[in-house]
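Model the full structure from these sequences, guided by the hints.
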Amino acid sequence: MGKKSTSHKKKNFITIRIVDSQEIKKLNFFYRNQKKPTNILSFPYNLYLNSNNILLGDLVICSKIIKKEAKKQKKNIKGHWAHIFIHGVLHLLGYNHIKKKETKKMELLECTILKKLGFKNPYISNMI
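Under the numbering used here, think of the first position of the sequence shown as 1, with each following residue one higher.
These are computed hints drawn from the structure, not numbers from a lab.
Warning: the hint list may mix true and false statements.
[Said to hold, decoys possible] Derived pair list, reagent style DSBU-like, types lysine-lysine, alpha-carbon separation capped at 30 Å:
1. Lys71 - Lys10
2. Lys78 - Lys68
3. Lys10 - Lys74
4. Lys115 - Lys10
5. Lys120 - Lys99
6. Lys10 - Lys105
7. Lys64 - Lys10
8. Lys74 - Lys120
9. Lys101 - Lys68
10. Lys35 - Lys74
11. Lys100 - Lys9
12. Lys25 - Lys104
13. Lys35 - Lys25
14. Lys35 - Lys11
15. Lys100 - Lys74
16. Lys35 - Lys72
17. Lys116 - Lys67
18. Lys35 - Lys64
19. Lys99 - Lys36
20. Lys26 - Lys68
21. Lys116 - Lys10
22. Lys26 - Lys67
23. Lys75 - Lys104
24. Lys68 - Lys10
25. Lys68 - Lys99
Okay, structure coming up:
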C-alpha cells in the first residue's frame, strides 16, 4: 500500500463577534472617529499563527442593525447576513470602497459570491 498523501493547505481563520448597538457605536467612534453605530466593522490582521494557519482578522457585527436594515430595505434576512459577512471578509482581504473603481470591483465580487450561494444581488432595490 502506498503512503497517504497529506495536504498542507493554508487555513484562514476569522474571529466573529456579535454585539449590540451601543458597543458597535463605541467601537466605531474609537477606531473610525464616527459617532454612530454601523452594521459591521472589520479589523484585518493577516497574522500567521503557524506555517499553515493565518488569522485574517476580526469581524464585529451588530445583529440589531442587520435586522433593522433588512426590514427597512425589504431584504431576506439570511441574504442580508450573508452579504454583510462577505462584505466584511472582503475588507479583511484588502478590498475597500473608497474610490469608485474599488467600489465597483468589491460590489461585483460580493454579488458573484452571493449568487454562488443562492442569494440575490443586494444592490438591486426590493422597494416598490
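The hints, checked one at a time:
{"no.": "1", "hint": "Lys71 - Lys10", "verdict": "violated, 38 Å"}
{"no.": "2", "hint": "Lys78 - Lys68", "verdict": "holds, 13 Å"}
{"no.": "3", "hint": "Lys10 - Lys74", "verdict": "violated, 38 Å"}
{"no.": "4", "hint": "Lys115 - Lys10", "verdict": "holds, 26 Å"}
{"no.": "5", "hint": "Lys120 - Lys99", "verdict": "holds, 24 Å"}
{"no.": "6", "hint": "Lys10 - Lys105", "verdict": "holds, 25 Å"}
{"no.": "7", "hint": "Lys64 - Lys10", "verdict": "violated, 34 Å"}
{"no.": "8", "hint": "Lys74 - Lys120", "verdict": "holds, 12 Å"}
{"no.": "9", "hint": "Lys101 - Lys68", "verdict": "holds, 29 Å"}
{"no.": "10", "hint": "Lys35 - Lys74", "verdict": "holds, 26 Å"}
{"no.": "11", "hint": "Lys100 - Lys9", "verdict": "violated, 35 Å"}
{"no.": "12", "hint": "Lys25 - Lys104", "verdict": "holds, 27 Å"}
{"no.": "13", "hint": "Lys35 - Lys25", "verdict": "holds, 7 Å"}
{"no.": "14", "hint": "Lys35 - Lys11", "verdict": "violated, 36 Å"}
{"no.": "15", "hint": "Lys100 - Lys74", "verdict": "holds, 26 Å"}
{"no.": "16", "hint": "Lys35 - Lys72", "verdict": "holds, 22 Å"}
{"no.": "17", "hint": "Lys116 - Lys67", "verdict": "holds, 23 Å"}
{"no.": "18", "hint": "Lys35 - Lys64", "verdict": "holds, 17 Å"}
{"no.": "19", "hint": "Lys99 - Lys36", "verdict": "holds, 22 Å"}
{"no.": "20", "hint": "Lys26 - Lys68", "verdict": "holds, 19 Å"}
{"no.": "21", "hint": "Lys116 - Lys10", "verdict": "holds, 23 Å"}
{"no.": "22", "hint": "Lys26 - Lys67", "verdict": "holds, 20 Å"}
{"no.": "23", "hint": "Lys75 - Lys104", "verdict": "holds, 21 Å"}
{"no.": "24", "hint": "Lys68 - Lys10", "verdict": "violated, 37 Å"}
{"no.": "25", "hint": "Lys68 - Lys99", "verdict": "holds, 27 Å"}
Of the hints listed earlier, those the structure fails to meet are numbers 1, 3, 7, 11, 14 and 24, in rising order.
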